[in-house]
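Participant: The chain contents come next:
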Amino acid sequence: MSTSTDLKTRQIARTSDDWLERRRALIELSHAKDPDLYDLFIRALADPNKGIQHAAILALARLGNPEAVAGLAKPKFLKAEDLQVRLATVKALGKLGDAKVIDHLFDSMDDPEWLVRNEALSVLRDKVETIVHNGNPAQARILVRMLGISDPGIAEIAMQGLIEMEPVIRPLLIDNLKNVRPAVRLYVARVIGASRTTEALQYLIENLQDADLQVRIETARALGQIGDTRAIPQLIASLHNRNKVHLQTTIDALVRFGTTAVMPLHSALKNNRDSLVKCALIDTLGHIGDPSSIAILIRHLSDSCFVIRNAAIRALQHFGPAAAQAVLPLLQFEPIDIDELCKAAQSQSSVNNRLRAMKALGDLEDHRAAPLLKQLSNDQNPEVAQTAQEALIRIGCAAWGRCGALMVIGQTENRKWSDKILSSLADDSPHVRYEAVRAIGRLNGTQTAIKLKETAVKDPVHQVRSEALKVLRGMALGSAEMLQTALQATKDSDPAVRLEATRILGDLVHEQGLPALKERLLDPIWSIRVSAENGLVNYGKTVVPQLIELLTSDKSETRYCAISALGRLGDTVAIEPLETIAQNPKTPPREMEIARQSLLLLKRETGRKR
Amino acid sequence: MNQVNREESGWLVAKAWLAALEETARDFHGNRPQTFLERAYQHATEHFLRTLENDYGIYPKRTLSIKEALDEYIRLSVLGGLFKDAGQFNLTEVNVNRVEVTSIECPYHGMCRELLYSGISAVDLTCPRLGCFRAAVNLLADIDCTYEMTEIMEKGCHGYIERR
Numbered sequence: 138m139s140t141s142t143d144l145k146t147r148q149i150a151r152t153s154d155d156w157l158e159r160r161r162a163l164i165e166l167s168h169a170k171d172p173d174l175y176d177l178f179i180r181a182l183a184d185p186n187k188g189i190q191h192a193a194i195l196a197l198a199r200l201g202n203p204e205a206v207a208g209l210a211k212p213k214f215l216k217a218e219d220l221q222v223r224l225a226t227v228k229a230l231g232k233l234g235d236a237k238v239i240d241h242l243f244d245s246m247d248d249p250e251w252l253v254r255n256e257a258l259s260v261l262r263d264k265v266e267t268i269v270h271n272g273n274p275a276q277a278r279i280l281v282r283m284l285g286i287s288d289p290g291i292a293e294i295a296m297q298g299l300i301e302m303e304p305v306i307r308p309l310l311i312d313n314l315k316n317v318r319p320a321v322r323l324y325v326a327r328v329i330g331a332s333r334t335t336e337a338l339q340y341l342i343e344n345l346q347d348a349d350l351q352v353r354i355e356t357a358r359a360l361g362q363i364g365d366t367r368a369i370p371q372l373i374a375s376l377h378n379r380n381k382v383h384l385q386t387t388i389d390a391l392v393r394f395g396t397t398a399v400m401p402l403h404s405a406l407k408n409n410r411d412s413l414v415k416c417a418l419i420d421t422l423g424h425i426g427d428p429s430s431i432a433i434l435i436r437h438l439s440d441s442c443f444v445i446r447n448a449a450i451r452a453l454q455h456f457g458p459a460a461a462q463a464v465l466p467l468l469q470f471e472p473i474d475i476d477e478l479c480k481a482a483q484s485q486s487s488v489n490n491r492l493r494a495m496k497a498l499g500d501l502e503d504h505r506a507a508p509l510l511k512q513l514s515n516d517q518n519p520e521v522a523q524t525a526q527e528a529l530i531r532i533g534c535a536a537w538g539r540c541g542a543l544m545v546i547g548q549t550e551n552r553k554w555s556d557k558i559l560s561s562l563a564d565d566s567p568h569v570r571y572e573a574v575r576a577i578g579r580l581n582g583t584q585t586a587i588k589l590k591e592t593a594v595k596d597p598v599h600q601v602r603s604e605a606l607k608v609l610r611g612m613a614l615g616s617a618e619m620l621q622t623a624l625q626a627t628k629d630s631d632p633a634v635r636l637e638a639t640r641i642l643g644d645l646v647h648e649q650g651l652p653a654l655k656e657r658l659l660d661p662i663w664s665i666r667v668s669a670e671n672g673l674v675n676y677g678k679t680v681v682p683q684l685i686e687l688l689t690s691d692k693s694e695t696r697y698c699a700i701s702a703l704g705r706l707g708d709t710v711a712i713e714p715l716e717t718i719a720q721n722p723k724t725p726p727r728e729m730e731i732a733r734q735s736l737l738l739l740k741r742e743t744g745r746k747r
Numbered sequence: 015m016n017q018v019n020r021e022e023s024g025w026l027v028a029k030a031w032l033a034a035l036e037e038t039a040r041d042f043h044g045n046r047p048q049t050f051l052e053r054a055y056q057h058a059t060e061h062f063l064r065t066l067e068n069d070y071g072i073y074p075k076r077t078l079s080i081k082e083a084l085d086e087y088i089r090l091s092v093l094g095g096l097f098k099d100a101g102q103f104n105l106t107e108v109n110v111n112r113v114e115v116t117s118i119e120c121p122y123h124g125m126c127r128e129l130l131y132s133g134i135s136a137v138d139l140t141c142p143r144l145g146c147f148r149a150a151v152n153l154l155a156d157i158d159c160t161y162e163m164t165e166i167m168e169k170g171c172h173g174y175i176e177r178r
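Those sequence lines, one after another, are chains A and B.
Counting in our numbering, the first sequence runs from 138 upward without gaps.
Counting in our numbering, the second sequence runs from 15 upward without gaps.
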């Protein structure tokens, strides 16, 4: 029952000429929550004054009568110039309205004021959560609409709701795979993927060609989740896509099909010429890991493209010892006599005979024929030159195959394979010998490492020799075994080989290595001299007298190394000769500087004033 | 439809050629493309310095150490529009014979990263930038060096140039 004060307030709210009084009255009345006041508040909405409109909106929200939604959901409030009016309207609609108010709030998501946008988002989130909670398929259309919203949080909630309703609303979802908004198509693809329904398959396959990249990615993922084999050819076709994320998603989708996808993948790999597509197909086969792929992958170890060879090596890694066993025959072959063929290839009698001989040499994939074929590739007869080049390509690619095989075996990191790849250390291709050395290093087969010592000093290619020494050093064989090899290698013509040999001698700290290290201090290559200096320091104070002797060497670089080594060894015996150098005015400036640095170390001085 | 502007297109083409060169080197030389690529970077640096001198009047100074040569090459490259500024690099002279180079933001980073993902180790990378730095030291200071990548970071990389 209204009191006299209340009636007076109502009177003011209706008739006062002062808008501020009317506003105060409306706000005061709103606290009463009297249903009879509804008409009064609705009438106040029509007041041209923004302050009154705002008060009326607040009052209606407090009153809680849902009928007010019709009066509030109007552009004049939702798009009012006054921020407070817009904000209060969004709040009121959120409080009074049901799911239908979502339609009215869409525009408020783009409001220029973040307060309004934020409020609209929060109201929309509440409404979407309510719809999802109720699980009413009749409201699924609203959820689909929410998928296109810019807020990913709300879209995710809507998507979860749709996943739960999926069996009932499937036609709606399929329709929306063609929605004009890419975000809707994307989320619908996710919903269908999660529900694993095959009904939408045809439409999903069409979306693999969608103009929007994200839609294509989600579609590929969904097709992988559904797992219907009819999608395999289309997924394989979409491997032509250059986008990394799309490519990876498509590979993952195909991997989900498992062995079912293997045959079409083999066929695609056979017929495709694009190297990136081939790499993707090889990666997929590797991840599926079906043993029937091993032979095909091995063939790609001999491809002329590095990326394909590398992809095949990576893929074969997934098969473990089975792949290592399968690649072994590539490394085991009995060389036959090719002299007759070489003679025929060079003879001037018949061009046809020469061509046949060269083709045969190419078919044999024997690297021994490479020097001759290189020579013939410059032949005046273009046909001969062309055939020689083709044969060389075959021989070269076969060598890549052997390299790949060695890498596959090396990746097993199992010593038992090391004996089986020993013959590759004598391969005619330096690339193969190089990879054999690396593979032996990975397998860490100490017995086979003895063979490496021979390679380290006898191989005609310096990279192979230095790699062999590097591997031997990593294996840390006993000093007696390593010493002679390292001593021999310090005389090598190639600096990289001498460097590795010097490092080995430095590690061994063997009496017999000392003269060789001292000799390396005279090497023209800086890094070798430094390694020799480091090696000598490893011997400790026993080498101090010999280093002092080197201070009178006629080679300045040797003297520098000796001075530096004496400083690092820390034997005070060296102080006197070093002081002589440091105090001699004829000493070159650089030598004097190194001597002073060494003296500081020897006297344990830091240069700081006491 | 996106349109690549002319400045970016220059980089795009350069990167495409460089990637192609690296890939071809590995096609023909497997895991040992260094010798071939060192020579390619040497020629590239020669051409670059010669063009700066002949066509733009930007003359290189002769230098005496690895660090000085690198500083000079960076100065020339900034003038030549190859680098934005000298701050793109951090050079640390460990001693007169060894300089450690950190490239803070490298345009070829993606290329190296891809090779790294494909199973090649950092030390087997042939970094075109360090390769050209090595060549510049050879050309400007007449010091024959080797170089090696040691680390690929989020945007740049780290390596060293050392007197042979």
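Because the hints were derived from the structure by calculation, they are not lab data.
Remember, it's a predicted structure, so these values are computed and weren't measured experimentally.
Keep in mind that a hint or two might mislead.
[As the list claims (entries may be wrong)] Below 20 angstroms or equal to it, Euclidean Cα-Cα: the simulated SDA-like pairs (lysine to any residue) are:
hint: 1; chain 1: A; residue 1: K511; chain 2: B; residue 2: H123
hint: 2; chain 1: A; residue 1: K511; chain 2: B; residue 2: D41
hint: 3; chain 1: A; residue 1: K213; chain 2: A; residue 2: R254
hint: 4; chain 1: A; residue 1: K211; chain 2: A; residue 2: I189
Participant: Given the hint that K511 (chain A) pairs with H123 (chain B), does the C-alpha gap stay at or below 20 angstroms?
Facilitator: violated, 37 angstroms
Participant: Decide if the proposed pair is consistent with the structure: K213 (chain A) and R254 (chain A), CA atoms, cutoff 20 angstroms inclusive.
Facilitator: With a Cα-Cα distance of about 17 angstroms, the restraint between K213 (chain A) and R254 (chain A) holds, given a limit of 20 angstroms.
Participant: Are the Cα positions of K211 (chain A) and I189 (chain A) separated by 20 angstroms at most?
Facilitator: Distance ~16 angstroms between K211 (chain A) and I189 (chain A) Cα, so the pair holds.
Participant: Is K511 (chain A) close enough to D41 (chain B), meaning Cα to Cα at most 20 angstroms?
Facilitator: holds, 18 angstroms
Checked against the numbered hints above, the structure violates only hint 1.
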